[in-house]
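Enquirer: This is what each chain is made of:
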Amino acid sequence: MKHKDYSYLYANWDDEVRRRKVTLSNPVFIKGLALAPIVVAGTSLANGILLCIAVFFLLTPTRIITSLITRRMSVPFKTFFYPFVSAIVFAVVYYYMYQYLGARVLLLGVYLPILVIDPLIVKNFEKTRKESVLYSFINGMRNTMGFAVACLLVCVIRELLAFGTVGGIQIMGYGLLPMAQYSFGGFLIVALVAGAWSAVVKDYRYRVEVEAMHDERHP
Amino acid sequence: MNDILKMLMEFFGYSLIAIGAQNAIFTRALGLSSGIRMLNDPRKNTLYFCGALTVFQLMTSIIVYYVMPLISAAGFAHLRRFVLPTVIVMACTVSYVIVIVLLSLIVSKKRFKELLQSVTSASITGTIVGTVLLTNYQGLTLLQSVGFGLGSSVGYLLAMLLITEGDRKIAHDKVPESLRGLPITLVYISVLALAIYGLTGHAIAL
Amino acid sequence: MTSLQRKKHDKSMLWAIFALVLCGSVLHGARVWLLCLIAVVTAKAVDVLVSMIRRCDYDSTDHSSEVAALIFTLMLPVNIPIYIIVVSVGLAIAVGKHMFGGKDVYPFNLAALTMCCAAVNWPGQVFSAVTPFAKVDLLSGYTTQATLSNASLIKDGGVPPYGVVDMLMGNYPGVMGADFVIVIVAIGIIMILRRKITWHIPVTFLVTCSAIAFAFPRVYGFSRLESVQFEMLNGSVFFVALFMLADPVTTPKTPKAKIVFGFITAVLGMVFRYVGSFDIGTCFALLLVNTMDGYIERMVGGKKIKVKQIEDAEEKTEDKKSSQRRIYTADKTETPKPHRERIRGASDAMDLISETEDNIDNVIYSTRTISIDEILKAEAEQKKKRGGKK
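Chains as they are written, first to last, in our numbering: chain A, 1 to 219; chain B, 220 to 425; chain C, 426 to 815.
For reference, chain A alone in the conformation it holds in the complex (with noise of 0.2 Å):
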């Protein structure tokens, strides 16, 4: 990358920050959003798609219906509303999701429908700033993605270290580490993740600066 390229960078870290939702500002492990279903629910590869199917046909319509309803909404009301939009496309999507994939669908017990309130979902209700239909489009895509890459790359982890197996095929003789199956398993590998994710996003962010820094003294 050039060093015109960083100072642009540095200048506008913020909004960078804002833009790269799945990397610098992951939902989950660089905000701790969206943990519950992460940490119990996902300890396969199968429960990780699934959960990611919700969240993507979940956040994004969420955002949208709300970004157009509560244009004019004051923020109390906001705060119940939000999660009431969310459920009732919930309902919808848990319902289809329940007649195309099946009983599946409800191993993940209460941790698909408690993604209504969840902040990952929900959170925008906290911003007084309003929301364009396109913004929201976006936004919630940027969010879907960096969730589905943090779910995705948790479970992965879990099901190795704790069946040997990635989607049920097996690449290990035995499971490394059966605990990781847990929920504290999952507690200890998600916090792992997120340092070593949150140590890259620092790393990235020194050298961003630094280079920043040699540009404006030998522009």
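Because the hints were derived from the structure by calculation, they are not lab data.
A quick note: this is a predicted structure, and the numbers were derived from the prediction, not measured.
Some hints here could point you the wrong way.
As the list claims (entries may be wrong) - With a Cα cut of at most 27 Å, we get these calculated BS3-like pairs of lysine-lysine:
(1) C:LYS436 / B:LYS393
(2) A:LYS78 / B:LYS393
(3) C:LYS809 / B:LYS393
(4) B:LYS393 / C:LYS432
(5) C:LYS433 / B:LYS393
Said to hold, decoys possible - According to the in silico footprint, chain C covers these stretches of chain B (three or more CB under 8 Å from chain C):
(6) 385-395
(7) 413-420
Positions of the beta carbon are idealized from the N, C-alpha and C atoms, including for glycine.
Given chain A, put chains B and C in place with the hints provided.
Expert: Showing chains B and C alone in chain A's frame:
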């Protein structure tokens, strides 16, 4: 007399299960995101938050318990599972309105302001929705639901007290920089969850 | 507890453990030495490796990891596979010690954490017991004389069929070093008399455990005193009391707090043993009580800690809300008398709710921006170091 004793045993039995074996945070990770956010937000008081959570939990459990049969009676029994989250969100909203009205009548303006942040944050959380979903999926009776709900809130409070105390221990500069904040808090919670697992010894049913 | 005191404590612990390893090797053979060596090497290797990753100086005088690894190993049967020791010790030292900041600041007892990790991952192997003088393959640990441990037997409603003398001497199917009660008691008395450890926690713990075993016997058809005998001489109770609960880093500092700590650990430990799923309930209970030692110390010490919210001076330029943090002080702050102003109608309440909502802010946990000053400082220091070397 025996019936009352039996009911009390049932009530406290479910409460104890919710506090220990089915702890909202350590076992089920319900309300974890809001709990960690509370640690980082000095404006929220843990005791106020958990007090409000308990009230909302009980009210929501009762409202949902009485509303769900109406949906079945209206001929939508096959849709119960799908509309349950919507019903819970509406019950939370009703509970919030009732609590706010009561608070505005009872407490002073200053105290109202103090309580409001915690009360609003506690009104719709993963703990409430998750617990009510669980009690409904497991088909618990009203007494069992309320007992489980109460235990869930108390368990959440105890867990938050332990995590807050842990927050003091891990808030120092010897912790690797990249782990400070969310990751180290999660590691701390994972060790506590491991300790709780020593009591239950089995994975939870989702 | 200063760093020097902790180091002295670790050294005396190593000598005490050496005595137990010696006893263990007499009853269970040379594999005890091999497993202890592997545990120590793993602990040391993880210490060095993490120090390299963290780019910080490795302290060769810190033996807390080795002590924890040895304590953990002595609680295992001699037929334990080697990889269990390597993975458990590696995980517990890396996560339980270094992630929390390393020596002197780790919040959980390392040996207990290692034991719990091994127990939940491989309960079948961890909770077996091997008959003394049994033939055990040095590398694989294969033996035909593995059986159920005494603690598991009691849990299942049985009674260990061994005499008191055998139980005191550790002469029954058991673990490598935690069953030699008489040796452990002797070591404990010597360490207390030589002031290497204080009596408060071990004595309170043992007395409370005995009292609970006496009051609530688990084995039916036997007297209360026999219940005390079964509970205390099995499940490594004396070993835990002396070696785990004496860890100076994770236990309270004042005598009163130590007594309360020992009492709570004993009560929870016995609850975990009676109700829980694992024989080593005390280790799980200890992890839980480790989180409470701050509360215990404040409760017993009589200090009232209040939470003050202040603004971080370093981050004043940033957003005020994100720069606020919790500071814990022991000062007493005077609270002004509340002025009771009532809420006037629904609109007033709605205004207040709106204000509150507007204040909610996104909390970002992990990413903290690095200031230019920090980079300049780091660069200047590096230059200084390079200049000094030249």
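Enquirer: Now, for every hint given, state plainly whether the structure supports it.
Expert: Evaluation of the provided hints:
no., hint, verdict
1, C:LYS436 / B:LYS393, "24 Å, holds"
2, A:LYS78 / B:LYS393, "41 Å, violated"
3, C:LYS809 / B:LYS393, "24 Å, holds"
4, B:LYS393 / C:LYS432, "19 Å, holds"
5, C:LYS433 / B:LYS393, "22 Å, holds"
6, 385-395, "holds (count 9)"
7, 413-420, "holds (count 8)"
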